[in-house]
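Read top to bottom, the protein sequences are chains A and X.
Going by this note's numbering, the residue at position 111 of the first sequence is 185; the numbering climbs one at a time, nothing skipped.
Going by this note's numbering, the residue at position 188 of the second sequence is 262; the numbering climbs one at a time, nothing skipped.
What the hints contain is simulated information worked out from the structure, not anything from laboratory work.
Among the hints, a few may not be true.
To be verified - Think about it this way: if two alpha-carbon atoms lie no more than 25 Å apart in a straight line, the pair counts; the simulated SDA-like pairs of lysine to any residue are:
id	chain 1	residue 1	chain 2	residue 2
1	X	Lys310	A	Lys76
2	A	Lys345	X	Arg201
3	A	Lys76	A	Ser108
4	X	Lys152	X	Glu101
5	A	Lys296	X	Glu344
What the hints assert, rightly or not - Footprint (simulated), chain X over chain A, 3 or more residues, beta carbon under 8 Å:
id	region
6	208-221
7	242-253
8	256-268
9	271-277
10	308-320
11	328-340
This structure is a prediction, so every number in the text was calculated from the model and none was measured.
Note that beta-carbon positions come from the ideal geometry of N, C-alpha and C, so glycine has one too.
2 protein chains.
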Amino acid sequence: MKILIAGLGLIGGSFALALRDRGIADEILGVEKSDENAAEALRLGLADRIVTLEEGVPQADLVVLATPVDTIPLMAIKALNHVTDRQVVMDMGSIKAELCEVISMHARRGRFVAAHPMWGTEYSGPRAAQHGAFTGRNAVLCEAERSDADALATVERIFRTLDVPVVYMGAEEHDLHAAYVSHISHVTSFALALTVLEKEREERHIFDLAGGGFESTVRLAKSAAATWVPILLRNKYNVLDVLREHIHQLQIMRRMIERDDAEGLTGAFEKANSIQRIIH
Amino acid sequence: MKILIAGLGLIGGSFALALRDRGIADEILGVEKSDENAAEALRLGLADRIVTLEEGVPQADLVVLATPVDTIPLMAIKALNHVTDRQVVMDMGSIKAELCEVISMHARRGRFVAAHPMWGTEYSGPRAAQHGAFTGRNAVLCEAERSDADALATVERIFRTLDVPVVYMGAEEHDLHAAYVSHISHVTSFALALTVLEKEREERHIFDLAGGGFESTVRLAKSAAATWVPILLRNKYNVLDVLREHIHQLQIMRRMIERDDAEGLTGAFEKANSIQRIIH
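Bound conformation, chain A alone (with noise of 0.2 Å):
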């Protein structure tokens, strides 16, 4: 199968790892915008070759867009534009619903299939390509009923090659799952990550005793802007409800700490405790 990819970061770039390792690309074209990363990209054996999307549509099986989230719907029509019914057009950005309003009347939106595979971490660029980064992981495939069925099971095949299985879900409902599964968590690791950087400033050397619990909570601050500006923008009023019942909930804390209130506080955290469910 011959791939294109755009955008060779972390996503796509893992992307690209894991088609090759599972021997399902037999040449991958690269898509980079910026000359440095599609420099590093080709070093690390991302792609064969670097092109633009024009020149690389037509020759592609499989079209992937990985690009910040932003950028996709509109790379998605000029992909979409310039494929026959025998190519697929997948993506794999982190939110779903404007995407799929985008595409929703192109005359040939049944070759797109619209993917997020779960999956990430806090770092960006080609250099932050990972092996086997998605094995085990779920994707969620959104509005599969508007794909044609043969680029729906292109795409379900290679998932299930990657050993990702796969959920289906409306956009609406993935943006949802996705800020509260993921967006949300990055909105408090930056916020926490200010918080200390804010007292950094009064107190030198406050952190050399940074550990475990804090490492764990703060990580996802070191995460792309560029990113995640465009996501939780795009994904503005999921974002905004989640982060709302977020404050709350600290605000509440913030009560009972106030008030001594060890009782009320055990009986939130032994709640919270159920988490355990959900986490591993």
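Mind docking chain X on chain A? Use the hints.
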């Protein structure tokens, strides 16, 4: 060296394993309030015998207090009441100001070393004890100038043998730092867990997709209320200060998202990225 450890849970149990692994302890006596934990600790080899504090203190070269922080100050007094000037008492608690104040006028204050090795996990009880837990982390010693030179040297030698670098601080300073590098992360995780659990009541299975980023941000919400309620309440003013600033940062982000302020968010996230200097 014969060592008495009061509290053979995550911290005391891991310390017991470290003391054995490095050949520091010839015999370990354990104090455990719960029969179940006592049996488990013996089974796991965390102690050779279970005794009461009263029975154990006269026999031990070193008494280690590793119980929840609300119980440490009184135990410290009781232990100091019965030690000679050849014995040493130390604690491993996460807050220090109250403890140091309570023991400040004790006739045997010099036999006490107030210590806080900066390590922990979200698990509790004897089965949470780990080999090699403290290695490579720092330990804070508070008001070291109030400890007798030989008592201080004993504790310093133990940490050196465990490859735990020692840092010296005032008790108030320690509690402020601990609020920033540990306590706030717990509050944040508990609140985030409650936020998503609240949503889950409406939307079944919303969290089938929960992945890496979410898991690490929320994992501290598995922590025991019995450990964390006393820590937060006894470090109340520092925790409230950090919490106030953290809520403020979240509110700023909320406003920027509401206003589609991509530039403001980018600036904030890029600033947050410098947390890389602090964590690894």
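Taking a Cβ-Cβ distance under 8 Å as contact, does the region 256-268 of chain A have three or more residues in contact with chain X?
holds (count 12)
Does lysine 345/A pair with arginine 201/X here, judged by a C-alpha cut-off of 25 Å?
holds (22 Å)
Apply the coverage criterion to the region 208-221 of chain A and chain X: a residue qualifies when its Cβ sits closer than 8 Å to a Cβ of the chain, and three qualifying residues are needed.
The restraint on the region 208-221 of chain A holds, since 3 of its residues have a Cβ under 8 Å from chain X and three suffice.
Verify the proposed pairing of lysine 152/X with glutamate 101/X, using a straight-line Cα cut of 25 Å.
holds (22 Å)
Proposed proximity, lysine 76/A with lysine 310/X (alpha carbon, max 25 Å)
This hinted pair is violated, its Cα atoms lying about 60 Å apart.
Between the region 271-277 of chain A and chain X, are there enough contacts, at least three residues with CB-CB distance under 8 Å, for the coverage claim to hold?
holds (count 5)
Is lysine 76/A within 25 Å of serine 108/A, Cα to Cα?
With Cα atoms ~23 Å apart, lysine 76/A and serine 108/A stay inside 25 Å; holds.
With the threshold set at 25 Å, check whether the alpha-carbon distance from lysine 296/A to glutamate 344/X stays at or below it.
holds (8 Å)
Check whether three or more residues of the region 328-340 of chain A sit with their beta carbon closer than 8 Å to a beta carbon of chain X.
holds (count 7)
Examine the region 308-320 of chain A for residues whose CB is less than 8 Å from any CB of chain X, and state whether their number is three or more.
holds (count 8)
Has the region 242-253 of chain A got at least three residues whose CB is nearer than 8 Å to a CB belonging to chain X?
holds (count 3)
Going through the hint list in order, the structure does not satisfy hint 1, though it satisfies all others.
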